[in-house]
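**Student:** First to last, the sequence lines map onto chains A and B. The opening residue of the first sequence carries number 1 in the working numbering; numbering runs sequentially from there. The opening residue of the second sequence carries number 1 in the working numbering; numbering runs sequentially from there.
Derived from the structure by calculation, the hints contain no laboratory data. Please read all numbers here as calculations on a predicted model, not as lab measurements. Hints are all accurate, no fakes.
Pairs involving identical chains hold if they fit within one copy or between any two copies, as the list cannot separate such chains.
Calculated cross-link-like contacts (lysine-lysine; reagent style DSS-like; alpha-carbon spacing at most 25 Å):
(1) K259 <-> K108
(2) K120 <-> K259
(3) K115 <-> K259
Protein chains: 2
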Amino acid sequence: MTLPEEHTVITADHVIYHFHPDLEAKWHVAPHEQVEIRCPDGVHGQIRTEQDRYVAVDYDHINDAVGPIHVAGAEPGDRLIFDIHDIQIPQDWGYVLVIPNFGLLQAKVQEARTKIVPIKDGCVHFDGMRIPLDPCIGTIGVATHEGRYNTVIPFDHGGNMDTTAIRAGARVHFPVNQPGGLIAMGDAKAVMGDGEVCGTGVGVPINIFAHFEVVKGGRLSRPVIETAGEWQFIASAETLEQACILANEDLIGALMRSKGLPWADAYMLTSLVGQLRISQVVDPLMTVRMAISKDYLPTLDKMA
Amino acid sequence: MTLPEEHTVITADHVIYHFHPDLEAKWHVAPHEQVEIRCPDGVHGQIRTEQDRYVAVDYDHINDAVGPIHVAGAEPGDRLIFDIHDIQIPQDWGYVLVIPNFGLLQAKVQEARTKIVPIKDGCVHFDGMRIPLDPCIGTIGVATHEGRYNTVIPFDHGGNMDTTAIRAGARVHFPVNQPGGLIAMGDAKAVMGDGEVCGTGVGVPINIFAHFEVVKGGRLSRPVIETAGEWQFIASAETLEQACILANEDLIGALMRSKGLPWADAYMLTSLVGQLRISQVVDPLMTVRMAISKDYLPTLDKMA
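The shape of chain A in the complex, shown without the other chains (with noise of 0.2 Å):
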């Protein structure tokens, strides 16, 4: 793609390690202006080799956000958009650790483990296996309305969502609890599957080329992921089951919002066209996401 010339560039100058609802401001920018956000890798830039371990989750030094940013107009009862237009990786390796206590098979993992790949020719290079890059940013989150939050936690602010969708084309819709709605985000991974079993993906540092958009009113309960086919309602909580049943409960409360469909029909009607879906199993609580094809919910506002 093309990206436009002037654009303001948001650097990991200043991070955060909560969400918290008395965040400062340490960004200004305006709804449609073009941002460049350089985020450090998850793990800023500990770990370079392979004898270079990761021995226990440090919830004070991982994970840390690239912000806060104050959006122009954003104010609590709004809903901010975060439109990424392209996701570049400026490093040509990447780490993917093993971490004892962490992780969903930490029951058989003795010792940590680290291992560097390779990135070239657009993929990562593993044991000889190709690897198609997918960037994704793992940790993306607004000042919550109350409580404070390690960056290592998602919740209904957003945080560690460790949500694959969250990529280069998606337009990811927050809850503005705060006066600009103070965004910050990082941990991205070169690639990751849905669950991100081990606990990481491939990390990196990443360059995020996006614009934001304020929609008044609207206000969300929890983050929600626009494809250009989809919709997909993101929920933590302390299971999966329990994140299943939130993430359920959004999208039936969108289909009565917007298409004014009964309870029971909009219930019947997710069993039909939700898709529950898998982000993450490891942070320490779980995310799922339940997604709708547009075909059967056009707008999250109430439809004209």
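Could you slot chain B onto chain A? The hints should help.
**Tutor:** The following block gives chain B in isolation, referenced to the frame of chain A:
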């Protein structure tokens, strides 16, 4: 597609309500013999109008499975493949049910509801929406090694896995626990989303056109779906997290066996290119599958 004129027809003259080790074969077929299996809907015709309500899951009269079918040459330790050519729906309507004390949002369900939806022009018609048909087989399993499971329950033998990927074009690999495999199936849906959140898809009878193959040796722990481009390792357990662990372990085992990867490398690879997907969250065990492209796992068996 063109169906073979000569094929063996298997009907609902005999159905089972439990999978167990001592199933008695009712049909005998040979590998590569063309079969048509005619299955009633998942409630065996009990629901015909919107006044017919299902007030509780009756574990003895629901999800009956046509069979058992004995496949010549299949011995314990082998793998039985069910290759699905086509699934046809011989009826112009289906049902969707909301059942008290069943389904993901059962805490919000006050009363039973039935919706009868027309099927025409290749679509289910639901409140003015057209949903393209995509039939799948909800219940399909083999005689168990040990233990007796109602056909409503999914487990290592298969059973009520309610997995959308068990559709035309798929090949489903089962462990053979008893001579002939003794497979049985039913509980079809005209269309369903991943999750089956309200507890049903669009219930319909189906005619399945298929054949069986036997792979000597190569027994699996649990069913695996093969598509043109993927392997999908299915697992059912009391929680989604437990099912995810089993599916991830099975995929790691296949990567170690087939490609000789060390455990930690295989685990990392599943985090990069393994896709955890939800099958269903209501049955009442939970079913997931972990998919991988054949680019990374060309065969289930040891590579040459």
